[in-house]
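Engineer: Whole structure, please, built from the sequences with the hints as guidance.
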Amino acid sequence: HFDEVMDYSFTAGIEEQFDIIAEGELNWKKMLEKFYKPFHETIEKTENEADRFSGERELGKDPKSGKTLIVRMAKYGPVAQIGTPDELEEGEKPQYANLRKGQSIETIELDEALDLFALPRTIGEFKGEDVVVNIGRYGPYVKFDDKFVSIPRDLDPMEIDMKKALPLIEQKLKEEEPITFLDDKPITRGKGRFGPFLKWDGLYVNIPKKINPEDIDAATALEMVEAKKKKEAERYIHRWDEESISVQNGRWGPFIKFKKKNVKLPKGKDGKRMTQEEAEKLTLEDVKKIIKKEIPTAFKTKKSTKKPAKKKKTTSKKKKSSTKTSK
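Under this note's numbering, the sequence shown is numbered contiguously, ending at residue 327.
Keep in mind that the hints were calculated from the coordinates and are not lab data.
Worth double-checking, as some hints may not be accurate.
Stated by the list, open to error - Here are the computed lysine-lysine pairs in the DSSO-like style, where the Cα-Cα straight-line distance is at most 27 Å:
1. Lys127 <-> Lys174
2. Lys45 <-> Lys34
3. Lys163 <-> Lys143
4. Lys293 <-> Lys264
5. Lys259 <-> Lys292
6. Lys257 <-> Lys210
7. Lys231 <-> Lys163
8. Lys199 <-> Lys210
9. Lys174 <-> Lys228
10. Lys257 <-> Lys228
11. Lys259 <-> Lys293
12. Lys261 <-> Lys272
13. Lys209 <-> Lys228
14. Lys172 <-> Lys209
15. Lys272 <-> Lys288
16. Lys257 <-> Lys281
17. Lys75 <-> Lys257
18. Lys269 <-> Lys229
19. Lys229 <-> Lys257
20. Lys199 <-> Lys261
21. Lys163 <-> Lys191
22. Lys147 <-> Lys127
23. Lys260 <-> Lys229
24. Lys101 <-> Lys191
Structural biologist: Following this line, the structure appears as structure tokens:
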């Protein structure tokens with residue numbers, strides 16, 4: 001329904017118009033008006049005419065439990081699920097498994113979906129601890145002693161064995177060997193989704209691309225961690241972790257961080273942006289009032305959306321009456 005908007009040439013054309021606007025040769029209001037009117041009409045047409053995608057497809061029954069197996073869209077992508085609300089007992093939860101790369105809700109078959117529940121699987125032991133293969137939010141991994149080791153794309157998590165898993169584990173252990181210690185706590189190397197880092201007492205320090213993580217010695221590691229500690233100390237004006245609220249210094253001045261949302265602070269006494277000194281005087285209650293003004297539902301307790309469990313039908317045997325009835 002939105003082929004034009006998704007087209008690369010359309011995006012490139014918009015970028016060119018932005019450049020012309022920046023040069024002062026095109027009025028941005030006219031440009032937006034020209035785009036938005038037909039776009040809004042397409043939205044209305046789609047809402048009225050398009051078929052709704054339920055995101056859910058029933059594949060059949062799980063032979064082990066007898067429960068229904070469905071595939072659907074979840075928060076972090078497509079999943080297979082064993083057990084529907086009507087089939088689950090009170091307190092019982094469905095089983096979930098992420099679809100593999102290349103699998104689709106529309107085309108996956110029952111046998112393929114059942115294979116997804118073969119994980120997690122224990123493939124052996126190392127240093128007295130189980131080695132388990134599983135698939136998580138960020139892909140397949142090997143778990144050993146509370147350590148998660150990503151499985152490379154060229155290895156199938158359904159086929160990986162101890163011979164292939166051990167080098168991955170040993171590399172992870174080598175990476176996490178302490179470079180040095182600060183306040184009796186180790187500084188270790190690591191590698192995540194966004195590249196290599198140093199870790200100390202829950203603090204993560206990104207390692208720049210120009211620095212080889214293997215070349216970082218004790219002195220450099222201490223210097224990088226101390227610099228990050230100082231930056232973090234200067235970053236927070238107030239911090240209430242239990243409330244998921246903080247007041248922080250930003251590029252354009254202090255602001256409130258509430259969970260994952262940024263909330264602007266009101267202007268100071270002089271009518272200008274609030275200063276750090278003014279922000280330091282704010283109490284938790286002051287900050288909550290500001291958040292509530294911007295997000296009215298911020299502190300409302302969510303009502304449970306769980307359906308009440310169905311009561312099991314009980315059958316009672318009626319005793320046969322031996323008394324005779326008289327008309």
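Engineer: Now, for every hint given, state plainly whether the structure supports it.
Structural biologist: Here is how each hint holds up against the structure:
1. For the hint linking Lys127 to Lys174, the alpha-carbon distance of about 15 Å falls within 27 Å, and the restraint holds.
2. Taking the CA atoms of Lys45 and Lys34, the gap is near 18 Å; set against the 27 Å cutoff, the hint holds.
3. For the hint pairing Lys163 with Lys143, the CA-to-CA distance comes to about 15 Å; that is within 27 Å, so the pair holds.
4. Annotation: proposed proximity of Lys293 to Lys264 holds, straight-line Cα distance about 11 Å (limit 27 Å).
5. Under the criterion of a C-alpha separation no larger than 27 Å, the hint pairing Lys259 with Lys292 is consistent with the structure, at around 13 Å.
6. The suggested pairing of Lys257 with Lys210 is violated, with an alpha-carbon distance near 32 Å, which exceeds 27 Å.
7. Pair hint Lys231 plus Lys163 does not hold up; C-alpha atoms about 44 Å apart against a cutoff of 27 Å.
8. For the proposed pair Lys199 and Lys210, the alpha carbon gap of about 18 Å is at most 27 Å, so the pair holds.
9. For the hint linking Lys174 to Lys228, the alpha-carbon distance of about 24 Å falls within 27 Å, and the restraint holds.
10. For the hint pairing Lys257 with Lys228, the CA-to-CA distance comes to about 19 Å; that is within 27 Å, so the pair holds.
11. Between Lys259 and Lys293 the CA atoms are separated by roughly 16 Å; this keeps the pair inside 27 Å, and the hint holds.
12. The hinted pair formed by Lys261 and Lys272 meets the criterion: a straight-line CA distance of about 23 Å does not exceed 27 Å.
13. For the hint linking Lys209 to Lys228, the alpha-carbon distance of about 17 Å falls within 27 Å, and the restraint holds.
14. For the given pair, Lys172 sits about 20 Å from Lys209 by alpha-carbon distance, which is consistent with the 27 Å threshold.
15. With a CA separation close to 21 Å, the supplied pair Lys272 and Lys288 stays within the 27 Å bound.
16. Restraint check for Lys257 and Lys281: the C-alpha separation of about 17 Å stays at or below 27 Å, so the hint holds.
17. Under the criterion of a C-alpha separation no larger than 27 Å, the hint pairing Lys75 with Lys257 is consistent with the structure, at around 23 Å.
18. Pair hint Lys269 plus Lys229 does not hold up; C-alpha atoms about 32 Å apart against a cutoff of 27 Å.
19. A C-alpha spacing of about 19 Å is found between Lys229 and Lys257, which places the hinted pair at or below 27 Å, so the restraint holds.
20. Distance check on the hinted pair: Lys199 and Lys261 sit about 25 Å apart at the alpha-carbon level, within 27 Å; holds.
21. As the CA atoms of Lys163 and Lys191 are separated by approximately 23 Å, the hinted pair is consistent with the 27 Å bound.
22. Distance restraint check for Lys147 and Lys127: the Cα-Cα separation of roughly 13 Å lies within the 27 Å cut-off, and the hinted pair is therefore satisfied.
23. For the hint linking Lys260 to Lys229, the alpha-carbon distance of about 22 Å falls within 27 Å, and the restraint holds.
24. As the CA atoms of Lys101 and Lys191 are separated by approximately 22 Å, the hinted pair is consistent with the 27 Å bound.
The earlier numbered hints that this structure contradicts are 6, 7 and 18.
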